[in-house]
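Novice: Each residue of the sequence shown is one higher than the last, beginning at 40 in the numbering used here.
Keep in mind the hints are simulated off the structure, nothing from the lab. Owing to the predicted nature of the structure, the values given are computational and were not obtained by experimental measurement. All C-beta atoms, glycine included, are put in the ideal place defined by N, C-alpha and C. Check each hint, because a few of them may be wrong.
As the list claims (entries may be wrong) - Dumping the calculated EDC-like pairs for lysine to aspartate or glutamate here, alpha-carbon to alpha-carbon at most 16 Å:
hint, residue 1, residue 2
1, K475, E535
2, K396, E417
3, K255, D294
4, K475, E527
5, K255, D354
6, K295, D56
7, K387, E414
8, K316, D229
9, K396, E386
10, K119, E186
11, K397, E380
12, K255, E186
13, K387, E352
14, K408, E393
15, K316, D230
16, K351, E253
17, K396, E414
18, K408, D129
19, K255, E350
20, K475, E531
21, K438, E367
22, K436, E375
23, K407, D229
24, K407, E75
Claimed, not checked - Using C-beta positions, here's what the derived DEER-type ranges look like:
hint, residue 1, residue 2, range
25, K438, A115, 16 to 24 Å
26, A383, K295, 51 to 59 Å
27, A383, V413, 21 to 29 Å
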Amino acid sequence: MNANRKSQFLIGWASRDVTPNRPVLLYGQYHARISEGVLDPITVTALAMESTHDGRSAETIMVSCDCVGISESLLAAVRKLLHVSLPDVDSQNICLNATHTHTAPDFSAVDPQSIGSLPPGTGLSRKELGILEREEYAAFAAGRIAEAITEAWQKRTPGGISFGLGHAVVGHNRRVAYFNGETRMYGKTDDPQFSHIEGGVDHSLNLLCTWTPERKLTGVIVNLACPSQVSESLYQVSADYWHETRLELRRRLGDKLFILPQCSAAGDISPHVQVGKPAEERMLQLRGRTQRQDIAVRIADAVTASLPAIEKEVDWNPPLVHRVETMELPMRMLNEQDVSEALAEAEKFRIQYEALKKNLAAHPEQMKKPRWYVEITESYCSMLWNQGVERRYHSQKTKPTQTVGIHVIRIGTMVVATNPFEYYLDFGMQIKARSKAVQTFLVQLAGDGAASYLPTIRATVGRSYGALPASTPIGPEGGRLLAQRTVEIIAELLQET
40 MNANRKSQFL
50 IGWASRDVTP
60 NRPVLLYGQY
70 HARISEGVLD
80 PITVTALAME
90 STHDGRSAET
100 IMVSCDCVGI
110 SESLLAAVRK
120 LLHVSLPDVD
130 SQNICLNATH
140 THTAPDFSAV
150 DPQSIGSLPP
160 GTGLSRKELG
170 ILEREEYAAF
180 AAGRIAEAIT
190 EAWQKRTPGG
200 ISFGLGHAVV
210 GHNRRVAYFN
220 GETRMYGKTD
230 DPQFSHIEGG
240 VDHSLNLLCT
250 WTPERKLTGV
260 IVNLACPSQV
270 SESLYQVSAD
280 YWHETRLELR
290 RRLGDKLFIL
300 PQCSAAGDIS
310 PHVQVGKPAE
320 ERMLQLRGRT
330 QRQDIAVRIA
340 DAVTASLPAI
350 EKEVDWNPPL
360 VHRVETMELP
370 MRMLNEQDVS
380 EALAEAEKFR
390 IQYEALKKNL
400 AAHPEQMKKP
410 RWYVEITESY
420 CSMLWNQGVE
430 RRYHSQKTKP
440 TQTVGIHVIR
450 IGTMVVATNP
460 FEYYLDFGMQ
470 IKARSKAVQT
480 FLVQLAGDGA
490 ASYLPTIRAT
500 VGRSYGALPA
510 STPIGPEGGR
520 LLAQRTVEII
530 AELLQET
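Start from the sequences, fold in the hints, and give me the full structure.
Specialist: And the structure:
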């Protein structure tokens, strides 16, 4: 392929709207939420790049999706479609990442724990509720993703890239530590026992820009350490703050601009302010903005302030290398105490669920009330979540590791390195500090992953959601091994010509 083409760098962009046209179950909480309308569209955006030197080509395709996570079934479905539409493209060089909005449907056709689904005994099917079946939406989403990738690849034209660094305050560490040694996600900071915020923050804004030969800006990767979950509990479909960010950037830089969001290592980060909330809320009122609009302005300010410097160094034929590697990470080893504590919690939720189920059977008229399903689904899903600890305890005896796929992509003197977890910030900082690249873009929730947390040692000591055994199949040891191997691959790629 491309054997007769002169040395050049080719770039193609495309996007698709993946907003459902009927009510769906929204994904991202431990209770079901049936969408009650569309606040704003959700999209997928694809960037295809190909470098050709002496008849040899290298390629990479990055795709950002407004969803919670990227599942194995979604990847498989997209790759199957691309084998037909792009048979000459290596589908392993396609990397999907999630923005982690909690107000989008599940892109996966498989959901082992039924988190967010309506449990048995509610007496209503998805069809009776008038909501899309998961398989139907997953097929639709996979088709749109494949369309975007195909169009981006087919529209490749000569161009150049430039990259740079800005800063914008978007993310805050969400783990609140107390004097007794405990940590709570979103814990109260006005508590007299409040001690400190457990972890750090990363306000860096990594930017990769693409240009036509006439130096017209065509698109930008915006990479920052914060998931898109300002409005995580809404009952409406939404891309969260990335919607406002797209609008603001296009207002300033052109309505045809492609924007590809990436979430850096941010397993313990969110956009929710933990300290000084009244002051923050007052400033939003004075500015006449919502929090999402304010975040959009901060990001757009950082992008536009950085562009004059970034566009000074456009590389029209940067070296391109895409490495895909699988590695075995050690499971977080569970003990009998972990199991007994989790089963005790599961039993509490089982009793609660059975009582709600019995009450619902006796009073079916409750189903006519708005959001009648919230409490029963939360107890059901929480029961399953805790029961999973026992299953892992038994499976770890025969399967002590988990296979994980990562991508490391070199583009000139910068790199993009992915992982499939909600990867705690400390690990990301370890990689950035030791990386041999001029600039390192980390991307969490990329590739095949169940959006599980990968916590630090201090988080597991503090415990609470996001660091408990039930939510962390891989523990701190695995996080460090992943960081170490990522740093090694980056060094290897930078040695290649």
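Novice: All hints are to be evaluated individually against the structure, with a verdict given for each.
Specialist: Results of checking the hints against the structure:
no.	hint	verdict
1	K475 / E535	holds (13 Å)
2	K396 / E417	holds (12 Å)
3	K255 / D294	holds (13 Å)
4	K475 / E527	holds (9 Å)
5	K255 / D354	holds (14 Å)
6	K295 / D56	holds (15 Å)
7	K387 / E414	holds (14 Å)
8	K316 / D229	holds (10 Å)
9	K396 / E386	holds (15 Å)
10	K119 / E186	holds (12 Å)
11	K397 / E380	violated (26 Å)
12	K255 / E186	violated (25 Å)
13	K387 / E352	violated (60 Å)
14	K408 / E393	violated (20 Å)
15	K316 / D230	holds (14 Å)
16	K351 / E253	holds (13 Å)
17	K396 / E414	holds (10 Å)
18	K408 / D129	violated (51 Å)
19	K255 / E350	holds (10 Å)
20	K475 / E531	holds (9 Å)
21	K438 / E367	holds (11 Å)
22	K436 / E375	holds (13 Å)
23	K407 / D229	violated (39 Å)
24	K407 / E75	holds (15 Å)
25	K438 / A115: 16 to 24 Å	holds (21 Å)
26	A383 / K295: 51 to 59 Å	holds (56 Å)
27	A383 / V413: 21 to 29 Å	holds (24 Å)
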